[in-house]
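S.K.: As a plain string of letters, each chain reads:
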Amino acid sequence: MSSLITLTTDFGLDDSFVGVMKGVILSINPNARIVDICHNVSSQGIQEGAFVLASAYPYFPPDTIHLAVVDPGVGSGRRPIALATPKGLFVAPDNGLLTCVLADFGVRVEGAGGTVEGRGYRVEGRSLYPLPSTLYPDLKAVHLTELRFWLPKVSATFHGRDIFAPVAAHLSLGVPLGQLGEAIDSLEVSPLSQPNRVAAGMLLAHVVYVDRFGNLTTDARPEDLPPPPLAISIRDRIISGLSASYAEGGALLALINSGDRLEIALRNGSAARTLDAGPGEVVKIERIG
Amino acid sequence: MSSLITLTTDFGLDDSFVGVMKGVILSINPNARIVDICHNVSSQGIQEGAFVLASAYPYFPPDTIHLAVVDPGVGSGRRPIALATPKGLFVAPDNGLLTCVLADFGVRVEGAGGTVEGRGYRVEGRSLYPLPSTLYPDLKAVHLTELRFWLPKVSATFHGRDIFAPVAAHLSLGVPLGQLGEAIDSLEVSPLSQPNRVAAGMLLAHVVYVDRFGNLTTDARPEDLPPPPLAISIRDRIISGLSASYAEGGALLALINSGDRLEIALRNGSAARTLDAGPGEVVKIERIG
Amino acid sequence: MSSLITLTTDFGLDDSFVGVMKGVILSINPNARIVDICHNVSSQGIQEGAFVLASAYPYFPPDTIHLAVVDPGVGSGRRPIALATPKGLFVAPDNGLLTCVLADFGVRVEGAGGTVEGRGYRVEGRSLYPLPSTLYPDLKAVHLTELRFWLPKVSATFHGRDIFAPVAAHLSLGVPLGQLGEAIDSLEVSPLSQPNRVAAGMLLAHVVYVDRFGNLTTDARPEDLPPPPLAISIRDRIISGLSASYAEGGALLALINSGDRLEIALRNGSAARTLDAGPGEVVKIERIG
Chain A
483 MSSLITLTTD FGLDDSFVGV MKGVILSINP NARIVDICHN VSSQGIQEGA
533 FVLASAYPYF PPDTIHLAVV DPGVGSGRRP IALATPKGLF VAPDNGLLTC
583 VLADFGVRVE GAGGTVEGRG YRVEGRSLYP LPSTLYPDLK AVHLTELRFW
633 LPKVSATFHG RDIFAPVAAH LSLGVPLGQL GEAIDSLEVS PLSQPNRVAA
683 GMLLAHVVYV DRFGNLTTDA RPEDLPPPPL AISIRDRIIS GLSASYAEGG
733 ALLALINSGD RLEIALRNGS AARTLDAGPG EVVKIERIG
Chain B
483 MSSLITLTTD FGLDDSFVGV MKGVILSINP NARIVDICHN VSSQGIQEGA
533 FVLASAYPYF PPDTIHLAVV DPGVGSGRRP IALATPKGLF VAPDNGLLTC
583 VLADFGVRVE GAGGTVEGRG YRVEGRSLYP LPSTLYPDLK AVHLTELRFW
633 LPKVSATFHG RDIFAPVAAH LSLGVPLGQL GEAIDSLEVS PLSQPNRVAA
683 GMLLAHVVYV DRFGNLTTDA RPEDLPPPPL AISIRDRIIS GLSASYAEGG
733 ALLALINSGD RLEIALRNGS AARTLDAGPG EVVKIERIG
Chain C
483 MSSLITLTTD FGLDDSFVGV MKGVILSINP NARIVDICHN VSSQGIQEGA
533 FVLASAYPYF PPDTIHLAVV DPGVGSGRRP IALATPKGLF VAPDNGLLTC
583 VLADFGVRVE GAGGTVEGRG YRVEGRSLYP LPSTLYPDLK AVHLTELRFW
633 LPKVSATFHG RDIFAPVAAH LSLGVPLGQL GEAIDSLEVS PLSQPNRVAA
683 GMLLAHVVYV DRFGNLTTDA RPEDLPPPPL AISIRDRIIS GLSASYAEGG
733 ALLALINSGD RLEIALRNGS AARTLDAGPG EVVKIERIG
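Residue numbers (my numbering), protein chains in the order written: chain A, 483 to 771; chain B, 483 to 771; chain C, 483 to 771.
Just chain A, with the same shape it has in the complex (with noise of 0.2 Å):
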């Protein structure tokens, strides 16, 4: 097992939090290696943690233990789980961090309608999914319920520190999965945020996601795209096709982003500020002519 640890929570860096975790984790495994995905989700935001998670772990070993916490149900029922994929190992609450993580292994999550929640995009409801190994024989999922992984006092508002991280640092160890906890067959998924296709020329994505330059990341992929020439509305501002770059094109422009998604972008400025559009906001990508 790598000693290779991330961490993706909405804890931010003013206070001790993420520290702590780290001296959790280096005090269980001190050869372990940390690197910070992202801590900077906002309070709470179950979805946007759950894409800033899927759009960073797939460019780490595929060994890594990917550990995430956003957590508002900390101290109730909810589930913390550890569910092993060919591409990560992933240890967080049970309340739809991992969705997009499970999308990528081809589970259907897929949703409509919505609301706003933090920076991303949150379709109303969560449901137990079932992951039957038949269907996806190479997810394994388990109920963190070995109290011998965590630290002695748990604490019921800092999960991170007193059982996700003491967990994956036992992970890194080499501790097998399965003495974690008990073999589970279904997670909890926040279903995605999907593109509409209106008619055959006209496709209706949102945006999922606003990055720290004020980019609009949409849920629309290049394959849902109707074939060009394209014209591309949000609020009352009408895009004349697709940009191959920020340089090119005009000031307000849309392209293919290194996430493979549409996005609306302005030439060094804010297209969030300019547009005043955040997640939620609709595009209209329609076939001109």
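What the hints contain is simulated information worked out from the structure, not anything from laboratory work.
Heads up, the beta-carbon is just placed ideally off N, CA and C, and yes, glycines get one too.
Here are the simulated lysine-lysine pairs, BS3-like style, with alpha carbons at most 30 Å apart:
#1 B:K569 to B:K622
#2 C:K622 to C:K635
#3 A:K766 to C:K635
#4 C:K569 to B:K635
#5 A:K569 to A:K622
#6 C:K569 to C:K622
#7 B:K622 to B:K635
#8 C:K635 to A:K569
#9 A:K622 to A:K635
#10 A:K635 to B:K766
#11 C:K766 to B:K635
#12 B:K569 to A:K635
Covered stretches of chain B (chain A as the covering partner; in silico rule of three or more C-beta atoms under 8 Å from a C-beta of chain A):
#13 486–498
#14 515–522
#15 690–703
Chains B and C: place on chain A using the hints.
M.R.: Frame of chain A; chains B and C shown alone:
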């Protein structure tokens, strides 16, 4: 000696200060492993830094070197120091930044009254606190005076780079504490906020820290509280009893947090913003019925 | 070659960009040690990034690989480059981001006039600067053209992930600079702000950087200053002479800072906010009496 060094500063992450300190450490000890506890302590918030450091160091291996720099007196006469304890080695300016650490080892550093400083609670005045070896045989402090463990050129404004980082790096290489300077038997402390028991069934606590979620940590420990049933008042709001977790209880709730202190929180929101409350705010805990 | 790689970017810490770059590096060289210098360079602030990078790299071991990405021209024709110097190896877009590093090795990159860019000072115009090997035998630059050291798929918007991170990782594994692409003998530079000596006893300096504390770094070095006694004017305020440290002198003070530049600071406060001064602001230093 451990090669693990933690950093706690008010340098923020907008400049290169923290990166520079890491470069200095790695130039002296290429095998040092460096972990950030927090760099967003409010500018020159000594007591806030003291609180943050104390919330984290117990979770690291006991031979870890904790480097802390919140240093408004840099370049003046305040002493650079190192402090050895059974649970960690500390390198810091002698300005009260180690107050909470000292309190953990039985040094009584109480006070009353005070003013707000950054996100932490400040009690007016600092004083040189005697640490006779007869009383505290486990605590050993030195005034860092041995220039050969500093950078060759010392600036007037960045001792984190020029003194503290190189000293921590040399400690991590195994240089004994006693070689770094002269033993001293007193340190500066900033008296810590304490709750007041004004009657058998009534305690006045104070907010001492606001975290990123807007949760309000007070200075009251579980053993300070009157026996239940309790009414907990802050500003014009009354909370009925303690909740077991954020997920339980009403919107505004009180619980014992992961640092073993009474905390006022708002479920899925910021208690600090909703109550317009910050460090120094009084919280009344009263036995009812 | 060192396994130490530093990162300086304008990617911020709100997204997964930085974590993704680290994943790419560790996938190629699992033993790489990665240190953040700064990720909060103002969006597309090339000169600010150049300043931040130059303030940090000299404190790292000389075989460190410094990866810097502030890249408004990503996806356009700007070249990805690597630059070897006696004090570090740099991987960056060829857009002026290495200007301050080049200046450290004697390349004269002065300019006059300018406009504000982010928190740094920008002089209009960039130009291709010749670096003939006869003049600068220690500096060797290559245009990164060897695709086999990039990720297999290169996006139009995230060369930090697709080109710069993998190239830095391969360098850290010992791949020689010359294998990464074609040798080039000129690089883009952005002329640097310089103080103007308008008379024997008078210097006009300019604010070039504002740090997290609101301290104002100027472009004047100690050797540029007229002989004392000095009067230092900024906005409508006059400061009398240089202070030895923040703790000495008046509320508003001037000193030589840790980067060996004249700095205007406010004791226990923000000079930037109090003076409403930022990059480009003129500071007059005059010999009096």
